[in-house]
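Those protein sequences? They're chains S and E, same order as listed.
Last residue of the first sequence: 404 (our numbering), numbering continuous.
Last residue of the second sequence: 252 (our numbering), numbering continuous.
Do not take every clue at face value.
To be verified - SDA-like mimics (lysine to any residue), calculated; alpha carbons at most 25 angstroms apart, straight line:
#1 91/E x 325/S
#2 91/E x 390/S
#3 311/S x 301/S
#4 91/E x 301/S
#5 91/E x 382/S
#6 91/E x 176/S
Hint data in this document are derived by calculation from the structure and do not stem from the laboratory.
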Amino acid sequence: MSVQRSGLNGLTHLIGDRLEGRVSNRHLAGFGVGFVGLFFIVPIALLVPESLHLGSATPFESYRRVTNGIYVNAFVRSFLYGALTTVVTLALAYLLSYFLVFSSDRVRLGMTLIVVPLWIAYIVRYFGILLFLSPAGPFADLTGIEPELLFTTPAVIIGLANVYLPFAVLPIYNSLNAIDGALIDASRVLGADKWRTLGKVVFPLSLPGLVAAGLIVFILAAGSFLGPAVLGGPKQTMIANVIAQSFLENFNIQFASALAVVYTVLLVGLLLVFNTVFDLQEVLGNI
Amino acid sequence: MVTVVFGFLLLPVVIVVLTSFTTQSFPAIPQEGVSLTWYAELLADQKLLDALTVSLIVATASAVLSAIVGTIAAVGFVRGEFPYKEQISTAMLLPIIISPVITGIALVRYFSTVGLSSGYPALVLGHTVLSLPYVFLLVRSELLTFDQDLERASRILGADPVTTFRHVTGPIISPAILAGGFIAFVVSFGEFTATQFLISPDTSTVPVVIYTMLRTGLTPTINALSVVLIVVMLLLALSSRQLSSS
Numbered sequence: 118m119s120v121q122r123s124g125l126n127g128l129t130h131l132i133g134d135r136l137e138g139r140v141s142n143r144h145l146a147g148f149g150v151g152f153v154g155l156f157f158i159v160p161i162a163l164l165v166p167e168s169l170h171l172g173s174a175t176p177f178e179s180y181r182r183v184t185n186g187i188y189v190n191a192f193v194r195s196f197l198y199g200a201l202t203t204v205v206t207l208a209l210a211y212l213l214s215y216f217l218v219f220s221s222d223r224v225r226l227g228m229t230l231i232v233v234p235l236w237i238a239y240i241v242r243y244f245g246i247l248l249f250l251s252p253a254g255p256f257a258d259l260t261g262i263e264p265e266l267l268f269t270t271p272a273v274i275i276g277l278a279n280v281y282l283p284f285a286v287l288p289i290y291n292s293l294n295a296i297d298g299a300l301i302d303a304s305r306v307l308g309a310d311k312w313r314t315l316g317k318v319v320f321p322l323s324l325p326g327l328v329a330a331g332l333i334v335f336i337l338a339a340g341s342f343l344g345p346a347v348l349g350g351p352k353q354t355m356i357a358n359v360i361a362q363s364f365l366e367n368f369n370i371q372f373a374s375a376l377a378v379v380y381t382v383l384l385v386g387l388l389l390v391f392n393t394v395f396d397l398q399e400v401l402g403n404i
Numbered sequence: 007m008v009t010v011v012f013g014f015l016l017l018p019v020v021i022v023v024l025t026s027f028t029t030q031s032f033p034a035i036p037q038e039g040v041s042l043t044w045y046a047e048l049l050a051d052q053k054l055l056d057a058l059t060v061s062l063i064v065a066t067a068s069a070v071l072s073a074i075v076g077t078i079a080a081v082g083f084v085r086g087e088f089p090y091k092e093q094i095s096t097a098m099l100l101p102i103i104i105s106p107v108i109t110g111i112a113l114v115r116y117f118s119t120v121g122l123s124s125g126y127p128a129l130v131l132g133h134t135v136l137s138l139p140y141v142f143l144l145v146r147s148e149l150l151t152f153d154q155d156l157e158r159a160s161r162i163l164g165a166d167p168v169t170t171f172r173h174v175t176g177p178i179i180s181p182a183i184l185a186g187g188f189i190a191f192v193v194s195f196g197e198f199t200a201t202q203f204l205i206s207p208d209t210s211t212v213p214v215v216i217y218t219m220l221r222t223g224l225t226p227t228i229n230a231l232s233v234v235l236i237v238v239m240l241l242l243a244l245s246s247r248q249l250s251s252s
């Protein structure tokens, strides 16, 4: 016997009755993956046929061009800058997280200050760094020192580290915060000094967070477009800039696709190598 | 030392805000008084106002869409049981892993192949995909800490799945859905790299306009526009906190 109900309750009930037994959780998950598949995975996969000169005598023409020195350099630079940014960011993030967990009594305020930049557009933050480093900018105005960093490699690394720092703090903070204080006390009681405790107890226990942070920063930094576009010169072009340029300025969709395919394959290859040391699923679960 | 790192993190934003009030024609720290000249300039520029409108429309639409899709997917993955569940759920995170420049060119090519025009449809769908992982992760972690007996009780008492969601599951996870929606809004509002490929001549977004202005020379109007962007995003952040905690 079904009771007549009116309004929204009636409507949800009607829909619910209709769907009962027909739509399972598996369907819901399928819907989510289907959406990502249709509007993300398929478009990305289609870059592969796009990158081939199908039907011509030289289908791998674009890939041959990728092996040209200047493009190889852009690849090397992307991964190198990604790695450098990761090292700098992890060091700064560890310092901030360690401070918040072990020596600050204003954790909420500190955390808020770290998270606030996440709510501000990348372009604005890169613009701020650009102003800072400008020879005639506010920093030079105030101090009389003209920074000579703009359009150099350090400028790009500074920008990337600044923008991705909050992403690194969150997982490191969580893993440091989860350490049982009794372990630290035990280490101190047994005679280890502060540094030894850090090296032998705290650091190893925080490794999962550090790895997760490093992974996310590396992926984001190596694929960055805005960092080198705003703060770098022609000698700091990373792969994202080369891809954008061949697409937007040279209208060479095939070459842009070939670069995108090679970059993605290299990145996935790196992640798989990484996966042999650390479990990727576990690390991603940390983020 | 820690203060220096905090300064490093926050000063770029502070500088952008401070220098927007300058009286000079270059972004400089106001020394001879504060002016709103550059904000007035902003208000008089129809192109900038149009970009702001586009940004707001696209961000709202993609926030709603990704909150819905992300929640459905998260419920399916947490409550459903099927082989290779963990591995398949990694697919939901792919949009963060692939560089947005690649996402941008892939989407613009694909949309033109299937006959979807650039502009609003492309922007909304593109931004939805890019913000989906954040909503998915948030709602998923909320569902994992959720007492499933409440749902079972509702079902045993005769409620159908949709009613159970509306009266039991939904209200409990709504803070996470809401927070996810706000994050999606902010991701969309600030996105530049993929967006530059998806715009049409009359659907430039604010970050795209700022980027173009940066290329053509620094004037404090860029600062004023950046400050508007910051204010909108921070208001959103604050209200999301307010709503999530109540």
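Hinted pair, alpha-carbon criterion (25 angstroms max): residue 91/E, residue 390/S. Please report holds or violated.
holds, 22 angstroms
Just to be careful, I want the Cα atoms of residue 91/E and residue 301/S compared with a cutoff of 25 angstroms; is the pair within it?
violated, 38 angstroms
Would the hint linking residue 311/S and residue 301/S be met if the CA-CA limit is 25 angstroms?
Within the cut-off at roughly 9 angstroms; holds.
25 angstroms limit on alpha-carbon distance, applied to hinted pair residue 91/E and residue 176/S:
Not satisfied, since the Cα-Cα distance of roughly 37 angstroms exceeds 25 angstroms.
With the threshold set at 25 angstroms, check whether the alpha-carbon distance from residue 91/E to residue 325/S stays at or below it.
holds, 23 angstroms
Could you grab the alpha-carbon distance between residue 91/E and residue 382/S and see if it respects the 25 angstroms cut-off?
Answer holds: residue 91/E to residue 382/S is near 24 angstroms, not above 25 angstroms.
In summary, the structure is inconsistent with hints 4, 6 from the numbered list given earlier, while agreeing with the others.
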